[in-house]
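**Student:** Sequence:
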Amino acid sequence: KAIEQADVVSFSSEGEVKKYDKLPVTLVTKIVQCGNRHFKPNGTVTIKDMFGKEVASLAFNPGTQDGGGNVLPKMTRSFKTTWDSGFAFGKYSAVLDVRLGGAGIKTATYEFWVMPAGLAILWIIILIVVLLILGLLIKNMMLAMKKK
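Oh and the sequence shown: position 52 is 52 in my numbering, straight run, nothing missing.
Hint data in this document are derived by calculation from the structure and do not stem from the laboratory.
The model shown is predicted, which means the values in this text are computed figures rather than measured ones.
Beta carbons are placed, not taken as given, at the ideal position from N, Cα and C, and that holds for glycine.
One should not assume that every hint holds.
[Unchecked claim] Ranges of calculated distance between the beta carbons of each label pair, as one might list FRET restraints:
id, residue 1, residue 2, range
1, K147, S85, 57 to 67 Å
2, P116, C34, 40 to 50 Å
3, W123, E16, 23 to 33 Å
4, A59, D7, 27 to 37 Å
5, K18, T76, 44 to 54 Å
6, V55, K139, 15 to 25 Å
7, K53, M145, 26 to 36 Å
8, P62, R37, 55 to 65 Å
9, F87, E16, 20 to 30 Å
[What the hints assert, rightly or not] Within a straight-line C-alpha distance of at most 16 Å, the following computed EDC-like cross-link-like pairs (lysine to aspartate or glutamate) qualify:
id, residue 1, residue 2
10, K74, E16
11, K80, E54
12, K106, E4
13, K91, D7
14, K48, E4
15, K40, D97
16, K19, D97
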């Protein structure tokens, strides 16, 4: 009797990194097959920004010339999914929806940040300049009021 008992062991970024300076971000999914029949997991990894807006939808284990990656009985296999297009800034959630053959659909979520160092430094400099200008304006207004 064919038995497909599988589960998602882990879903995270490569090396479990939580902060990136830029894309690409590579997500690693480990799937264990406890049954006695191989299967090919498939599904999607959806990337959402901090406001819940979908910014990318990536195919999980897309078919290749040799039929894609299978999970063999009594084995654990890692699959990589890479998000490498577009501009990213802020907190993101990667949502995995994967069909594990006869074992059904499993979902997992992983959160990470993309904070380009150059852009963050630019925003800090702009903030400092704006605060200095506001300080000078307030000081000049106070001096002008004292002269009256």
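**Student:** Does each hint fit the structure? Answer for all of them.
**Tutor:** Results for each hint:
1. For K147 and S85, the hinted distance range of 57 to 67 Å is satisfied, since their beta carbons lie about 59 Å from each other.
2. At roughly 42 Å, the beta-carbon separation of P116 and C34 lies within the given 40 to 50 Å, and the hint holds.
3. Checked against the hint of 23 to 33 Å, the pair W123 and E16 passes, with Cβ atoms roughly 27 Å apart.
4. The given range of 27 to 37 Å is broken by A59 and D7, whose C-beta atoms sit roughly 21 Å from each other.
5. Between K18 and T76, the C-beta spacing of about 23 Å breaks the proposed range 44 to 54 Å.
6. The beta-carbon spacing between V55 and K139, approximately 43 Å, falls outside the hinted interval of 15 to 25 Å.
7. For K53 and M145, the hinted distance range of 26 to 36 Å is not satisfied, since their beta carbons lie about 47 Å from each other.
8. Between P62 and R37 the beta carbons are some 22 Å apart, a value that contradicts the proposed interval 55 to 65 Å.
9. For the hinted restraint 20 to 30 Å between F87 and E16, the CB-CB distance of approximately 24 Å keeps it satisfied.
10. For a cut-off of 16 Å, the pair hint linking K74 to E16 is broken: about 25 Å separates their Cα positions.
11. A C-alpha spacing of about 20 Å is found between K80 and E54, which places the hinted pair above 16 Å, so the restraint is violated.
12. Of the supplied pair hints, the one linking K106 and E4 holds, its CA atoms being roughly 13 Å apart against a limit of 16 Å.
13. Distance check on the hinted pair: K91 and D7 sit about 27 Å apart at the alpha-carbon level, beyond 16 Å; violated.
14. Our distance criterion of 16 Å between C-alpha atoms is broken by K48 and E4, whose separation comes to about 31 Å.
15. For the given pair, K40 sits about 14 Å from D97 by alpha-carbon distance, which is consistent with the 16 Å threshold.
16. For the proposed pair K19 and D97, the alpha carbon gap of about 23 Å is over 16 Å, so the pair is violated.
In terms of the numbered hints stated before, the structure departs from hints 4, 5, 6, 7, 8, 10, 11, 13, 14 and 16, listed from lowest to highest.
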